[in-house]
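J.: For reference, the chains in residue letters:
There are 2 protein chains.
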Amino acid sequence: MAGQHLPVPRLEGVSQEHFMQHLYPQRKPVVLEGIDLGTCTSKWTVEYLSQVGGRKEVKIHVAAVPQMDFISKNFVYRYFLLRFTLGIQITCFKPLRYLYKIHMAHHLLHKEFFISEDEKYYLRSLGEDPRKDVADIRKQFPLLEEDIKFPKFFKEEQFFSSVFRISSPGLQLWTHYDVMDNFLIQVTGKKRVVLFSPRDAQYLYLSGTKSEVLNIDDPDLAKYPLFSKARRYECSLNAGDVLFIPALWFHNVISEEFGVGVNVFWKHLPSECYDKTDTYGNKDLTAASRAAQILDRALKTLAELPEEYRDFYARRMVLHIQDKAYSKNFE
Amino acid sequence: MAGQHLPVPRLEGVSQEHFMQHLYPQRKPVVLEGIDLGTCTSKWTVEYLSQVGGRKEVKIHVAAVPQMDFISKNFVYRYFLLRFTLGIQITCFKPLRYLYKIHMAHHLLHKEFFISEDEKYYLRSLGEDPRKDVADIRKQFPLLEEDIKFPKFFKEEQFFSSVFRISSPGLQLWTHYDVMDNFLIQVTGKKRVVLFSPRDAQYLYLSGTKSEVLNIDDPDLAKYPLFSKARRYECSLNAGDVLFIPALWFHNVISEEFGVGVNVFWKHLPSECYDKTDTYGNKDLTAASRAAQILDRALKTLAELPEEYRDFYARRMVLHIQDKAYSKNFE
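So the protein sequences, as listed, match chains A and B.
Start counting the first sequence at 1; every next residue gets the next number (the numbering used here).
Start counting the second sequence at 1; every next residue gets the next number (the numbering used here).
It should be emphasised that the hints constitute simulated quantities derived from the structure, not laboratory data.
A portion of the hints provided could be inaccurate.
Identical chains share a label here; the pair holds if one copy fits it or two copies do between them.
Said to hold, decoys possible - Straight-line C-alpha distance at most 30 angstroms; calculated BS3-like pairs for lysine-lysine:
1. K300 <-> K267
2. K283 <-> K300
3. K324 <-> K73
4. K300 <-> K28
5. K229 <-> K155
6. K73 <-> K328
7. K139 <-> K267
8. K210 <-> K324
9. K149 <-> K267
10. K283 <-> K132
11. K223 <-> K43
12. K59 <-> K267
13. K190 <-> K73
14. K324 <-> K132
15. K139 <-> K210
16. K190 <-> K328
Throw the hints in and build the complete structure from the sequences for me.
T.: Laid out in structure tokens, this is it:
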């Protein structure tokens, strides 16, 4: 049984006011067309980016196959110093001729790839110290700042981070959610994005913030039978499109062409709701983490009981949560 | 859509050894026929019980209609002193001519019923002080003790209580569970018992230990749509039959004829698992109550979040409970 397929609505020429008053409160994904993003959409060619250059230590995901798998870990992280030029060349999937190697020097002396000849690359820019600093392309890539305008569809003080995303054609990022609201700005190139509602979490076989169902187009329904119940929202992003991904919405992204994307994350909730150590925008809200810890204590208590009783009272706990904490306002 | 209907197995001449080694570990209801219950099954006629007499203050449920409703509370509790004779007469639904009134004296001076002419009665015997003492018919009705043998299918030290149950014909007790294992001994008369597995708790619309679905034969599926998923086990109990109701199994009992039943509860788990203040055998196990209290703290923490987030994290908590505490061994 195939799940329900739903298009993500596309709206052209949406004003800040209209977005904030009418679209944002709906907490549903929407593609905004024709937003003024500055000159980046025409300017950020490979050639231009090569010229503005800059040298940067970056961390990339290197995957042997296009579909990255966080369970079997079919990718590795590699740090190296690259000229910005090179970042583009990597993701263009050209030989790594110009590689400035640091950590991986001994690996790279004799070959021009990390793990296999047809490996794929995925760059997600980070803050200066990724454990402390959030990514902000205006800081890490100041030469590019003046070319891009972020949609000012939130208050300046809500801004959290802006992130470069560059990946090899075909590379697929697993289905996951973030806790921050998010504009995915497709500057150049093309992506396909599939989204699932937070309400469908129970059909996605989660492991942390990620879905274990990697192949969303041909899922193993014997292993993941409930996945067929998940309502699948889908859109294509072309250069200049901006996708609003509300916090908690699951998203799976395939780069159909080489291209440059920029993510802007911002805070929908008061700052104190978010984990202060979160530099990625994907750590669970502090209240949720505390609740999860408390729940673990409850489960430890239940574990004192024999299986038959533990199972029964676990079911009763579930009924209690559904009664007390599930929203009655959602479909 | 009607739920699955399943018969409760009936077995004749089961030995103590066979029960304890083969049936008991299955934790499923079974009707035992031909168990030696002593002389009670032939002796306990209304006439005999009237003769052995005794005076007793008892508490009875008085209901205006046969189907007792714990939500609308269509019954009242009434305490009065009755000769044992009278208890039978009440449940035979004869006029209350011989009533010795204490608490309700002013109500009963001028009429021979409590709430309506066609009211129904249900007597469940209690301990001397029901808040402290458990019911044991051997203590509260010593004159009857020698007539009845309880099936010795558990260890003497596991014994918890024995309870008289006498009710008007047609009276229906709502679906509920107890936390103790239980033999329902049909001494005289006839009952129909419908049971549901603890695993089907989520289809029963629970309020505490009780199901809100009162009319199990013609349920309001618009109000209780999931009820149709509950697998319904059913049996008829005739004089001399003994029904094993495992702890946590839901049961709904209709007295099809006037008759006398005796329940024997015993402890399946070590004594310390049970609530020490429980005189009825239906208070949740202490570990379960503690877990429920801890869960409430977790829900209070979640409640700090806006609805959308609370709903999402509540769903994640449910997934976590299902993953960690649900048994994988049940069908």
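J.: Indicate, hint by hint, whether the structure satisfies it.
T.: Results for each hint:
With identical chains, the CA atoms of K300 and K267 are at most 30 angstroms apart between copies only, with a shortest distance of 23 angstroms across copies and 34 angstroms within one. For the identical chains of this complex, K283 and K300 are neighbours both inside a copy (24 angstroms) and across copies (20 angstroms), given an alpha-carbon limit of 30 angstroms. Taking CA atoms no more than 30 angstroms apart as the test, K324 paired with K73 passes between copies only; the shortest distance there is 24 angstroms, against 38 angstroms inside one copy. For the identical chains of this complex, K300 and K28 are inter-copy neighbours only, at 27 angstroms across copies versus 37 angstroms inside a copy, given an alpha-carbon limit of 30 angstroms.
Taking identical chains as interchangeable, the C-alpha atoms of K229 and K155 are never at most 30 angstroms apart, the minima being 37 angstroms within one chain and 49 angstroms between chains. Only between protomers do K73 and K328 lie at most 30 angstroms apart by alpha-carbon distance; the minimum there is 27 angstroms, versus 39 angstroms within a single protomer. In the homo-oligomer, the alpha carbons of K139 and K267 lie at most 30 angstroms apart inside one protomer (19 angstroms), although the nearest pairing across protomers, at 68 angstroms, exceeds that limit. Within a single copy, K210 and K324 get their C-alpha atoms as close as 26 angstroms, and across copies as close as 18 angstroms, so both meet the 30 angstroms cut-off.
Taking the shortest alpha-carbon separations for K149 and K267, only the intra-copy value of 18 angstroms comes in at or below 30 angstroms, while the best inter-copy value is 71 angstroms. Taking the shortest Cα distances, K283 and K132 sit within 30 angstroms of each other inside one copy (14 angstroms), while across copies they are farther apart (51 angstroms). With identical chains, the CA atoms of K223 and K43 are never at most 30 angstroms apart, being 46 angstroms at best within one copy and 61 angstroms at best between copies. Taking the shortest Cα distances, K59 and K267 sit within 30 angstroms of each other inside one copy (25 angstroms), while across copies they are farther apart (61 angstroms).
Taking CA atoms no more than 30 angstroms apart as the test, K190 paired with K73 passes inside one copy only; the shortest distance there is 26 angstroms, against 64 angstroms between copies. In this assembly of identical chains, the alpha carbons of K324 and K132 never lie at most 30 angstroms apart, being 37 angstroms within a copy and 33 angstroms across copies at closest. When the C-alpha separation of K139 and K210 is checked against a cutoff of 30 angstroms, the pair qualifies only within one copy, where the shortest distance is 29 angstroms, while the shortest distance between copies is 61 angstroms. With identical chains, the CA atoms of K190 and K328 are never at most 30 angstroms apart, being 38 angstroms at best within one copy and 44 angstroms at best between copies.
Hints 5, 11, 14, 16, counting from the list given before, are not met by this structure.
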